[in-house]
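Peer 1: So you can see what is in the structure, the chains are spelled out below.
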Amino acid sequence: MYGFLIAVGILLLLSIIWMVYRIQTLVSVMKGSDKKVATGSNKVNAFMFVLFLVLGGGLMFWYSIKEFDNYNLPLASEHGAVTDQLFWVTMAVTGIVFIITHVLLFWFPYKYQYSENRRASFYPENNKLEVIWTVVPAIVLALLVIGGWKAWSDITAPAPENSHVVEIMGYQFAWEVRYAGMDNILGDNDYRLTSASNVSGVDFTDKNALDDFMSPVVVIPKGEPVLFKIRARDVLHSVFAPHMRLKMDAVPGMPTRFWFTATKTTEEMRAELNDPEFVYEIACTEICGRGHFSMRKEIRVVEPDEFRKWMAEQKPYIVNNPSLVADLPEELKELAEITISEHK
Amino acid sequence: MATANTATHSATGHDHHDHEHHDNFITKYIFSTDHKMIGKQFLVTGIFWAVIGGLLSVIFRLQLGFPEMNLEWLRPLLGGWITPDGALDPEFYLALVTMHGTIMVFFVLTAGLSGTFSNFLIPLQIGARDMASGFMNMLSYWFFFASSVIMFISLFIETGPAAGGWVVYPPLSALEQAIPGSGLGMTLWLIAMTFFIASSLLGGINYITTVINLRTKGMSFSRLPLTIWAFFLTAILGLLSFPVLFSAALLLVFDRSFGTSFYLSDIYIGGEALPNTGGSPVLYQHLFWFLGHPEVYIVLLPALGITSEIIATNSRKPIFGYKAMIISMLGITILAFIVWAHHMYVSGMNPFLGSIFMFLTLIIAIPSAVKVFNYLTTLWRGNLIFTPGMLFSIGLVSFFISGGLTGIFLGNSAIDIQLHDTYFVVAHFHLVMGSASFFGLLAGVYHWFPKMFGRMMDARLGYIHFWLTFIGVYLVFFPMHYIGIAGFPRRYYSWTGFEWTNMYTDLNMFVSLAAIITFAAQFIFLFNFFYSMYRGRVASLNPWRSNTLEWTTPLHPGHGNWPGEIPAVYRWPYDYSKPGAKEDFIPQTVPLSATPESNLPHEQELVKLEKEIMADEEADLVANESKQV
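From first to last, the protein sequence lines are chains A and B.
Reading the first sequence from the start, the letters are residues 40 to 383 in the working numbering.
Reading the second sequence from the start, the letters are residues 4 to 632 in the working numbering.
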């Protein structure tokens, strides 16, 4: 019944619109406005541009100011301060251009709307103007690029020697986090070794792997460089830690990396934001399938002391999965057994 | 001036109009070789795809804006893609996003825009009887049609259409185990795109050849309307870059079906380790974006060309900086080929490449800026008539500015780290490439509708359509900048899984509502378009009082465009409001010698030369006539 009523309502509405349309067409034919170059609508349209400028501009400023704290993400990394600054400098420069060009674009239609008594001025070219608005943007852009280039070079420079190495491996649809252990060297991996008990495909014939351990959470120290070694084992993923201003694709067959230094512990950020629930997160930003939107991992930033304590508490992966080292050659097996017994 | 081939030109012209065409329904409307009909075929197919593409976006906007909504009512349409509890299937969500992108970028804004206006306008504006090869032109449409049919079928297969994003990055797009859309759906996608590429190439070769070879007497390159320059450069871009997409697709086909490892390496999926080693997914990205970035300009340049023409005509002013406009388009064309890797700053490629591409990318902003300033100066001190075409052109300039400026953020690799693959990117390209080109398409339809169908579209409906769409587009895409700065990743089915994105439900709802209203407003256009085709007011021969050649044809030009001689051209197309002239426009066909009152000093000197040439031609003509008799 409701469906029927709605259908009748829509039909009625359409027929009214149709009537209005026909009537206005006939009226315009009667008035002969189709013979004129520009009708009264010209004024209305010209005015609408100004109205749009004022209302749209107002709405933009109002919302940008009101929502600033919502869309401006808290920052917690050293290089992030640089890129954020670049972002806001670019925002200022482009914002000015945006406003000036739009004021002109919407004001000119009002100011120079058609009038029978006036003629447009024949003004086909002015090379001086062209040169000015080629050179000025070129200089401004060059300055922006140089800033970006410096930041980019620093960010992508090789990680400092003392960086804490953390491996992040993406797969459908989660991240696996592996720490390099006390030697700070990750053991090799081979995707063919992947199994239910060896999700990351770690190659335990590499003795560096013996002290590697997994963690459900990415724990990192504040103020010390951390190197994410990133890879994927099935399709592309991308590690995105928004508060760290960090993003790097995880590519099967091609390990990638990103190093950074966190500047605030999770606790400090909680206090600052007055939000006891706050956590740093990692998400996936490269489309990877059904669960793309749910690849969450938590980063916990702690004080260096606490980090060292935490590191010391962790047990190598092989301690709980001794079967993984059962088939090793004699020499390594001995080493592995020593490691296991140390942590028992 | 091109005078060498004058004699042959007029002779062939003469033959042509003596020869009557007797078309039946099939040769006139279906397998037509008339560029005007082919243009209309592209347009109608493009409109069909635009509705489908828009509809897909409305469905996924429902999911994003109203995640709790019960979508049971869509079951008759989507069947099993609605889960038992009435939600949208996450894999189908990805398929929707993928197909929306593919359809809009390729089928609407490439074929629907270039296909329509390059075909329709090139011969009419350069003064040619038809394209260089009418048959190839027909093939171009029918390859596109075949491509469309295959892509359309892929929407309805059981495993769903391709779902790896419109960029279809492997390994996701190569492995059926990774997502069901990478099965048959992806195969059909690749076949459809192969046909599409063939269609683009057939069209592009034709456009280039026609522009170079078939310009009428006096139509030198420096007298071409900017539309033609834009179509010409677009065709060159397409011709050089689409084959690279084909190579990317071909290697993908090999990886998918024949066990090669171009893009695949070290993959463990579905509980087994695949044998592929040594391939690189990044190779695909390089190949894809080598087309993908020029594609942006393939979509945008025709729109800018159309806008240049419409803004000049309706400002009653010459386009400001005609030469600067051409140079900037040339600059964009060349630079378009060497900026592709700015889509890949965080793909894992060598960061040094990132630095290089950052410099190149920001250089391309300069010609774009020049174009904007030239548009503004064209409006300045004009006598502006707001036809619907003009409104949409001004709208385009606004989107071009808004979306272009955010490109400066994304082109900067350091800033891009945070913004890459967030909604900031979505906002950026939907404004600068999507909406701007779409507005170019609409502006073109409103402006050349009288030439296409001999009738006028209703202006008032056009105004309503413009304002609803213009405001609507901003309400949809402007808020996405905030969402993007807040770091919301794109292609997410839902954002509730993360603390930092667990907000802006209100803003997303608002965006979805705006999208639905904007989509609905397009039906005003559809009504106006189809109704006016049959019942619109009959147009006058030159309704916008424009200078270009297409308005010198009869109301319904036949196959061959001009009965009798092809008109010769004596001046550039932008003599609007010339001081001294009686009218505020002087068509290109009016000789300088006929307008001594308005000639500029250097033009006055050309008058004598022009007279000599005309006398020569007259003699040739007489000689030819007597030979024929």
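In case anyone wonders, no lab produced these hints; they're calculated from the structure.
The structure presented is a predicted model; accordingly, all values stated were derived computationally and were not measured.
Where hints are given, some of them may not hold.
Footprint (simulated), chain A over chain B, 3 or more residues, beta carbon under 8 Å [claimed, not checked]:
1. 57 to 66
2. 368 to 375
3. 425 to 434
Label-pair ranges, simulated between beta-carbon atoms [claimed, not checked]:
4. B/S629 with A/V68: 47 to 53 Å
5. A/V76 with B/F526: 26 to 32 Å
6. A/V93 with B/F526: 26 to 32 Å
7. A/A351 with B/N73: 23 to 29 Å
Beta carbons: idealized from backbone N, C-alpha and C, even for Gly.
Peer 1: Decide, hint by hint, whether the structure agrees.
Peer 2: Quick rundown of the hints versus the structure:
1. 57 to 66: violated (count 0)
2. 368 to 375: Contact hint for the region 368 to 375 of chain B vs chain A: holds, 5 residues under 8 Å.
3. 425 to 434: violated (count 1)
4. B/S629 with A/V68: 47 to 53 Å: holds (51 Å)
5. A/V76 with B/F526: 26 to 32 Å: About 30 Å separates the Cβ atoms of A/V76 and B/F526, which means 26 to 32 Å holds.
6. A/V93 with B/F526: 26 to 32 Å: For B/F526 against A/V93, whose Cβ atoms are near 29 Å apart, the range 26 to 32 Å holds.
7. A/A351 with B/N73: 23 to 29 Å: For A/A351 and B/N73 the Cβ distance comes to about 52 Å; the hint is violated.
In terms of the numbered hints stated before, the structure departs from hints 1, 3 and 7, listed from lowest to highest.
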